[in-house]
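Residues per chain are reported as follows:
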Amino acid sequence: MAAPKTPPILDDTLSFDAQGKYQRRVTYITTPEGVRLPFITATFAERLGAFILDYLIIIAAPVALILLFFILPFEQVDWKRAKGLGDILMILFFMAMFFVRTGYFMAFEMGPRAATPGKRVLKIRVIAHDGGHLTPVMVITRNMLREVEFYLPLTLMGMTMQGGGWVALSAFLWTLVLALLPLFNRDQARLGDFLGGTRVVHMPRQSLGIDLADTEADRRSGIMFSRAQIEAYGEKELGVLEEVLRERRPATMAAVATRIKTRIGWDDPKNTNDVPTDEAFLRAFYAALRAHLESRMLLGKRRKDKHDEVR
Amino acid sequence: MSDEDPAKPALQLKSQKFRDAREKDWRTLSRALDRLDQGKLNSFSTDELLNLPVLYRSAVSSLSMARSISLDRNLIGYLQGLCARAYMGIYGPHARFKDILTGYFGRQWPESVRRIGPEFLLSLACLVIGIVAGWLLCAGDQSWYSALVGEDMSGGRNLSASAADLKKTLEGSTDGLAVFSVFLMSHNTQVSIFAFALGVIAGIPTALLILHNGMLLGAMLWLFARQGLLVDFAGWLSIHGTTELLAIVLAGAAGFHMARRIMFPGNLTRKAALVDAGKLTGSVMLGVAIMLLLAGLLEGFGRQLITDTSARFGIGAVMLVTWTVYFTQVGRRLTLKFEEADHGRA
Numbered sequence: 001m002a003a004p005k006t007p008p009i010l011d012d013t014l015s016f017d018a019q020g021k022y023q024r025r026v027t028y029i030t031t032p033e034g035v036r037l038p039f040i041t042a043t044f045a046e047r048l049g050a051f052i053l054d055y056l057i058i059i060a061a062p063v064a065l066i067l068l069f070f071i072l073p074f075e076q077v078d079w080k081r082a083k084g085l086g087d088i089l090m091i092l093f094f095m096a097m098f099f100v101r102t103g104y105f106m107a108f109e110m111g112p113r114a115a116t117p118g119k120r121v122l123k124i125r126v127i128a129h130d131g132g133h134l135t136p137v138m139v140i141t142r143n144m145l146r147e148v149e150f151y152l153p154l155t156l157m158g159m160t161m162q163g164g165g166w167v168a169l170s171a172f173l174w175t176l177v178l179a180l181l182p183l184f185n186r187d188q189a190r191l192g193d194f195l196g197g198t199r200v201v202h203m204p205r206q207s208l209g210i211d212l213a214d215t216e217a218d219r220r221s222g223i224m225f226s227r228a229q230i231e232a233y234g235e236k237e238l239g240v241l242e243e244v245l246r247e248r249r250p251a252t253m254a255a256v257a258t259r260i261k262t263r264i265g266w267d268d269p270k271n272t273n274d275v276p277t278d279e280a281f282l283r284a285f286y287a288a289l290r291a292h293l294e295s296r297m298l299l300g301k302r303r304k305d306k307h308d309e310v311r
Numbered sequence: 001m002s003d004e005d006p007a008k009p010a011l012q013l014k015s016q017k018f019r020d021a022r023e024k025d026w027r028t029l030s031r032a033l034d035r036l037d038q039g040k041l042n043s044f045s046t047d048e049l050l051n052l053p054v055l056y057r058s059a060v061s062s063l064s065m066a067r068s069i070s071l072d073r074n075l076i077g078y079l080q081g082l083c084a085r086a087y088m089g090i091y092g093p094h095a096r097f098k099d100i101l102t103g104y105f106g107r108q109w110p111e112s113v114r115r116i117g118p119e120f121l122l123s124l125a126c127l128v129i130g131i132v133a134g135w136l137l138c139a140g141d142q143s144w145y146s147a148l149v150g151e152d153m154s155g156g157r158n159l160s161a162s163a164a165d166l167k168k169t170l171e172g173s174t175d176g177l178a179v180f181s182v183f184l185m186s187h188n189t190q191v192s193i194f195a196f197a198l199g200v201i202a203g204i205p206t207a208l209l210i211l212h213n214g215m216l217l218g219a220m221l222w223l224f225a226r227q228g229l230l231v232d233f234a235g236w237l238s239i240h241g242t243t244e245l246l247a248i249v250l251a252g253a254a255g256f257h258m259a260r261r262i263m264f265p266g267n268l269t270r271k272a273a274l275v276d277a278g279k280l281t282g283s284v285m286l287g288v289a290i291m292l293l294l295a296g297l298l299e300g301f302g303r304q305l306i307t308d309t310s311a312r313f314g315i316g317a318v319m320l321v322t323w324t325v326y327f328t329q330v331g332r333r334l335t336l337k338f339e340e341a342d343h344g345r346a
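Keeping their order, the protein sequence lines are chains A and B.
The first sequence begins at 1 in full-length UniProt numbering and counts up one residue at a time.
The second sequence begins at 1 in full-length UniProt numbering and counts up one residue at a time.
Think of the hints as simulated: they come from the structure by calculation, not from any bench.
Don't be surprised by glycine CBs; every beta carbon is placed ideally from N, CA and C.
Treat each hint with caution, since some may be false.
Unchecked claim - The calculated DSS-like cross-link candidates involving lysine-lysine, where the alpha carbons are at most 25 Å apart (straight line), are:
1) K14(B) to K306(A)
2) K24(B) to K40(B)
3) K306(A) to K261(A)
4) K304(A) to K17(B)
5) K24(B) to K14(B)
6) K304(A) to K14(B)
7) K301(A) to K236(A)
8) K236(A) to K304(A)
9) K261(A) to K236(A)
10) K301(A) to K17(B)
11) K279(B) to K98(B)
12) K14(B) to K301(A)
13) K306(A) to K236(A)
14) K236(A) to K17(B)
15) K261(A) to K304(A)
16) K123(A) to K40(B)
17) K236(A) to K14(B)
18) K98(B) to K40(B)
Unchecked claim - Covered, in the sense of this in silico footprint (three residues per stretch, anywhere, with C-beta under 8 Å from a C-beta of chain A), are these stretches of chain B:
19) 12 to 25
20) 278 to 287
As the list claims (entries may be wrong) - Pulled a few chain B residues facing chain A out of the computed Cβ check, cut under 10 Å:
21) V60
22) D72
23) C83
24) A197
25) G199
26) K271
27) V275
28) G300
Excised from the complex, chain A in its bound form:
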């Protein structure tokens, strides 16, 4: 855990998504070249969501198979004569059930995308924590541990509810701690992840937006800020401003522009034709603030937010 004194924006265990929206925890992976690459850690909620989706598929599979059995023209078969066919169908059914119960997660995670369908929907995937290839052994270990993390608590819960007494209840609580392990560690890793040496990370499809700081246009518009006005804010506010400008909601922009104008003591020009639009004003302020903060940054002087001292 990061010490509370560390400014959050400078804490390199945190990062933001492509929209610059909110800060998320990062898992560092050291690649074989020795580069520390930040990966956004998948949250417990994302992982639970993916698991529920996968589990729905696992439950739906036998139902689908049985439906298929009724749809296909099997009523034409004389079961007394085609005994072998019945056996083969039963074997196929058992095999399929076995695969779904035991092999589903392993097979998908060994694939090129290293993610089950549920994980793909939530844009998360499995990676090797040591920075190397994700090997089949890792995938197998992390998924076999599901037995103690999911099926065992479930069984024990059933036993508790059927009057298993204190023993069942305490065993259930113990295994529940194992199941909820992701909530109690920084990497949000479950037991299988620790044993397999894997982590689950969030990999959204990110696009590169335009650079919002258009100093050329700002010079033409003639909006200027004094140093004192710019120093009213820090990096955190710059991030919020970027988010507002990328979303471009008129109501939000108007509200933010009003607040900034009040805080920095900005006077709109007397001539109403010269009053910049909210967006133009915000963009100019963004560019000025970013230019200022980045130039200080080059000197190693960073200011996390407006409450931080001016450096």
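Keeping the supplied structure of chain A fixed, place chain B upon it in accordance with the hints.
Relative to chain A, chain B alone:
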């Protein structure tokens, strides 16, 4: 770009110049990764392939640069995603299938099994004690049999069955038995995975599980012995049983190993010990799954087609010898080399 327009440079931020200069490379890399994701690796020319790691490294260096000079969150987020994707593209799960196979069967699997030798003996002891206990319990009091062997596992092999009935269950017949075999195979795999996973909880449940399975077997042995069919039953069992029981014992051993490493991590931190143990036991368990599949095939086909007891014993013995030789001998020289290399480094 910025140099072409003499009026502009003074007003451009350093982070913007940086972005202008490198954006083209990022876009190229992103497009290449899209093609990789679509599985079009074969459509890459040699130059493009050679260029890929270069682009990857330049993107990674761009990221660390951007983190220290730019406050554009969108840019940093994009680069982070790009680098992560590129890393996946280059270090993803795709290794050459043949290399994985030879590496695993030629070295990794037997070596892992050898490394959990003491735990293997413990697990084997649990099974043997279970068998003996199961037999003795049933011999002492018949009612133990139905308590140990549930209805779904017995398949008609209960106390009231006559010698003829029991003999019939040992014969090769395809009547539903193939289905039963597949059911047993999936059951056994589940048992072994469970035995392994329970190792996390100090290993005691693993021991209990192995003991219970041993007792089940002991009880059945007793039932058949009572009717004078011990040899026939042992033959029926050995054709697949040597493989299957070995697999279950190995799974238990893997569970014990995990328990030991969690409780006594030695010189490593507990987390590091856990990862280490996970890798080792994971390799064992992958093999266990393969062994159980093989056992299922032997059970489903071999046992139905081969009804002669001595032939069944023969196959069972051959399998046992094969496994013993495989686990004790294969990959030894390579292991030695690795150890030497490790010592050399230290």
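| query | Are there hints from earlier that the structure breaks, and if so, what are their numbers? | reply | none
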